[in-house]
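Trainee: Spelled out, the chains give:
2 protein chains.
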Amino acid sequence: MIAEILSVGTELLMGQIANTDAQYISKRLSELGVTLYRHTTVGDNVGRLKEALAEAFSRADLVITTGGLGPTEDDLTKETVAEYFSLPLEMDEASLAALRAHLEQIGRPMTDNNLKQALFPTGARIMPNACGTAPGCIVEKDGKIAAILPGPPFEMKDMFERQLAPWLSQRSGVHIESRFLRIFGIGESLLETQLQDLFHSDNPTLALYCGPGEVLARVSARANTKEEAAQMMEPLVQEILRRVGSFYYGSGMDASISKAALDLLKSRHETVCFAESCTGGRLAAALIDHSGASDALCESYVTYSDEAKTRILGVSLHTLSAHTCYSAECAIEMAEGARRISGANWSVSVTGLAGPNGGSERTPVGTVYIAVSGAEGTSAKEFHFAGGRDHIRTLAVGHALNMLRLKLSGQ
Amino acid sequence: MIAEILSVGTELLMGQIANTDAQYISKRLSELGVTLYRHTTVGDNVGRLKEALAEAFSRADLVITTGGLGPTEDDLTKETVAEYFSLPLEMDEASLAALRAHLEQIGRPMTDNNLKQALFPTGARIMPNACGTAPGCIVEKDGKIAAILPGPPFEMKDMFERQLAPWLSQRSGVHIESRFLRIFGIGESLLETQLQDLFHSDNPTLALYCGPGEVLARVSARANTKEEAAQMMEPLVQEILRRVGSFYYGSGMDASISKAALDLLKSRHETVCFAESCTGGRLAAALIDHSGASDALCESYVTYSDEAKTRILGVSLHTLSAHTCYSAECAIEMAEGARRISGANWSVSVTGLAGPNGGSERTPVGTVYIAVSGAEGTSAKEFHFAGGRDHIRTLAVGHALNMLRLKLSGQ
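As you go down the protein sequences, you meet chains A and B in turn.
The opening residue of the first sequence carries number 32 in this note's numbering; numbering runs sequentially from there.
The opening residue of the second sequence carries number 32 in this note's numbering; numbering runs sequentially from there.
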């Protein structure tokens, strides 16, 4: 089954909101084995909506629309779909009763405008809205299917999961399974070169996506059952893992380098303390992003000035004057100081120049030193990151967590 | 000028990321007076990209593409645009040199794949990439314009603002001036009620955009010159400022509550130190997001465990046993401790329950206490934030900085 998403809403074209509905539906369609070739967004304009709908159906069997189901005059998605299929609109009494009850519950009067929310193309399979006033529906005619969902993300997701997903799952015979391998610290083009011969396979397929400091490798296989698809992709997954070695840190859409480091700490029942300069608290915040971080982090320090590095962490004045705070020596003393005062099993320090000002020939903007300290000693690494202040700090956080992860996993 | 956005990337169709590029560009085009009728997203597939590009140009004068500029084989946007315009690709020596320098700086080898990032359709106006390896370009032929931008949001934004926006602005004859008034701590619907009669104006116009804890009011005026437009909006701006009072904290797209607090500290030549529990370093990181933060912040503390709150900040065991760490008493002692040990002029503490676990009837998830301490004493406030862990922490950071801002401005 080939699908397209058609999003309706002037607020999307004005940039007032991001199209998170399209993202959510796309992710779920890929999991459900429905092939998606295009997203289209148009405003609340009946002419342009009609045009986009006809175009989408010229390419796809299934068009999923979001938005344009509200009570106002410019909410016209159902009307336009009915016109496309040459079906009249009919009042659904059950929807009307539910709407009445909902409005009564929230203390709003029923207006004439609300009535149109209970109108559907004849023969439509109605999907009640558990979270709002606008029901959706599935309309099917001559081999074409329109699935009409509301725009507000909360309502859309609820309706998708409870009603559209089970319906689609039953419809599509084919299963597509995907695995997402997360790889940190190797560039996209270098990785592509290393995996070049693996891209030619048609089923399973391999694709790479690039993020700050990391690459996501997606392996997908198509088969008649979930198990068969999983089995088909296994040799390719194993070959990738063999080639990327310790650059691989976890799999799944929700994996992150901070979660990987946290999970290792928790499994070892160990703690970490950070000593941050240019990252300014982001490293601690990245760990504390995850619920349950309190098992692995009790305290953390931001020592932004040289004086704070000396007073709080015990960095020596000699180190600062001989090497400046932008040095491996300083990073090492920061990490050792943080481990000493916190009593944590591990510590990680970051000191560097995020810019945009202050760069010199000796220390250009983007120079960052990261040290990891543990029971077996302390080691530091020098990095040269490119980009703006924010990007440099993001990369520094990623690499600091990656260095900790490598130590924790004994690499 | 009629525009469309064409986003290229299988990661969008797989739902791995939301199309925030399209949102950003849409918002900026509306500010620049460019009419936008459609967003289209296709995967990294040359046939479908070609089709979508031709369709977009059948409706629009300007097509802005994002994505597909990477070094890999399936990055084909420039190639497809060149084919559409029947223009050959030429190597740009300046881009090649910049690419070489960039890769050298980050210590990555130049691969054959990288070379294609320096190829452009003949006659294209090249837009260097200040944040990554893929330059963009503007291609113009027979009254049609393609503006080709990279996909990674930080690269795209930088290129859009520095290069495409000024170019577009010069192209469109009409001047639209906008002012963005940033308002913190008042809900969107309450604000809307207070400003209700001001929404009816056609030129200048007023629109509200809602963010976490804050509302952005955009006032736009359209005129023949920049000065005329600026003059037209002034009375409306003044009326809004009069009505919102101290909820207003700054203007401009780049203003933020953290920048407002930092600027006040710097103008007073004063410093701040944070004592963070549930925000876990984000408060310090928000200040250090801005270059020059070292004038106002020397050190900061994350005290996540009760033991750390006591040992580092001197929170009394009595307070923790009588009131728990989720209390105004604890927040006050944390703030006072941080001010004492750091010697900063001001301190701000945050302690609360970001969830999702650990809530009780007495302390539901979202309960947060924030204290500000200065030479004239310490005061705390209790908040009850709704939403998930991330949202609660974002709101806590915003309100902590806002409380500091109000104190610093004597309110």
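No lab work stands behind these hints, which were simulated from the structure alone.
Ideal placement from N, C-alpha and C gives every residue a C-beta, glycine not left out.
Check the hints yourself; a few may be wrong.
Stated by the list, open to error - For each label pair, taking beta carbons as the anchor points, the in silico distance ranges come out as:
no.: 1; chain 1: A; residue 1: 412; chain 2: B; residue 2: 184; range: 39 to 49 Å
no.: 2; chain 1: A; residue 1: 105; chain 2: B; residue 2: 232; range: 16 to 26 Å
no.: 3; chain 1: A; residue 1: 354; chain 2: B; residue 2: 277; range: 45 to 55 Å
no.: 4; chain 1: A; residue 1: 389; chain 2: B; residue 2: 298; range: 15 to 25 Å
no.: 5; chain 1: B; residue 1: 157; chain 2: A; residue 2: 134; range: 17 to 27 Å
no.: 6; chain 1: B; residue 1: 349; chain 2: A; residue 2: 282; range: 45 to 55 Å
no.: 7; chain 1: B; residue 1: 349; chain 2: A; residue 2: 325; range: 56 to 66 Å
no.: 8; chain 1: B; residue 1: 371; chain 2: A; residue 2: 132; range: 52 to 62 Å
Stated by the list, open to error - Straight-line Cα separation of at most 25 Å, DMTMM-like style, residue types lysine to aspartate or glutamate; simulated pairs:
no.: 9; chain 1: A; residue 1: 188; chain 2: B; residue 2: 360
no.: 10; chain 1: B; residue 1: 290; chain 2: A; residue 2: 421
no.: 11; chain 1: A; residue 1: 297; chain 2: B; residue 2: 338
no.: 12; chain 1: A; residue 1: 290; chain 2: B; residue 2: 320
no.: 13; chain 1: B; residue 1: 175; chain 2: A; residue 2: 82
no.: 14; chain 1: B; residue 1: 297; chain 2: A; residue 2: 421
Claimed, not checked - Covered by chain A, per the in silico footprint, the following chain B stretches (three or more residues, Cβ under 8 Å):
no.: 15; stretch: 61–68
no.: 16; stretch: 101–108
no.: 17; stretch: 135–146
no.: 18; stretch: 317–325
no.: 19; stretch: 353–364
no.: 20; stretch: 401–415
Trainee: Hints first: check each against the structure and report whether it holds.
Mentor: Now the hints, each set against the structure:
1. The hinted range of 39 to 49 Å is not satisfied by residue 412(A) and residue 184(B), whose Cβ atoms lie roughly 28 Å apart.
2. Taken as a hint, the range 16 to 26 Å holds for the pair residue 105(A) and residue 232(B), whose Cβ atoms sit roughly 21 Å apart.
3. The hint said 45 to 55 Å for the Cβ distance between residue 354(A) and residue 277(B), and at roughly 47 Å that hint holds.
4. Between residue 389(A) and residue 298(B) the C-beta distance comes to about 21 Å, which sits within the given range of 15 to 25 Å.
5. The hint said 17 to 27 Å for the Cβ distance between residue 157(B) and residue 134(A), and at roughly 57 Å that hint is violated.
6. About 48 Å separates the C-beta atoms of residue 349(B) and residue 282(A), a value consistent with the hinted range of 45 to 55 Å.
7. For residue 349(B) and residue 325(A), the Cβ-Cβ distance of about 22 Å falls outside the hinted range of 56 to 66 Å, so the restraint is violated.
8. The hinted window of 52 to 62 Å between residue 371(B) and residue 132(A) holds, with their beta carbons roughly 59 Å apart.
9. For the proposed pair residue 188(A) and residue 360(B), the alpha carbon gap of about 41 Å is over 25 Å, so the pair is violated.
10. Our distance criterion of 25 Å between C-alpha atoms is met by residue 290(B) and residue 421(A), whose separation comes to about 14 Å.
11. Straight-line distance between C-alpha atoms of residue 297(A) and residue 338(B) comes to about 19 Å, which keeps the hinted pair within the 25 Å bound.
12. For a cut-off of 25 Å, the pair hint linking residue 290(A) to residue 320(B) stands: about 23 Å separates their Cα positions.
13. Distance restraint check for residue 175(B) and residue 82(A): the Cα-Cα separation of roughly 22 Å lies within the 25 Å cut-off, and the hinted pair is therefore satisfied.
14. Of the pairs offered as hints, the one joining residue 297(B) and residue 421(A) holds, with about 21 Å between alpha carbons and a cut-off of 25 Å not exceeded.
15. Judged by the Cβ-Cβ criterion of 8 Å, the stretch 61–68 of chain B is covered by chain A as claimed, because 3 of its residues qualify and three suffice.
16. Restraint check on the stretch 101–108 of chain B versus chain A: 5 residues with Cβ-Cβ distances below 8 Å, three needed, restraint holds.
17. Three residues within the 8 Å Cβ limit are the bar, and the stretch 135–146 of chain B against chain A gives 8, so the coverage statement holds.
18. Only when three residues or more bring their CB closer than 8 Å to a CB of chain A does the claim for the stretch 317–325 of chain B stand; here the count is 7, and the claim holds.
19. For the stretch 353–364 of chain B, the assignment as covered by chain A is violated, since 0 residues bring a beta-carbon within under 8 Å of that chain's beta-carbons and 3 are needed.
20. Chain A is given as covering the stretch 401–415 of chain B, and this is violated because 0 residues of the stretch bring a CB closer than 8 Å to a CB of that chain, at least three being needed.
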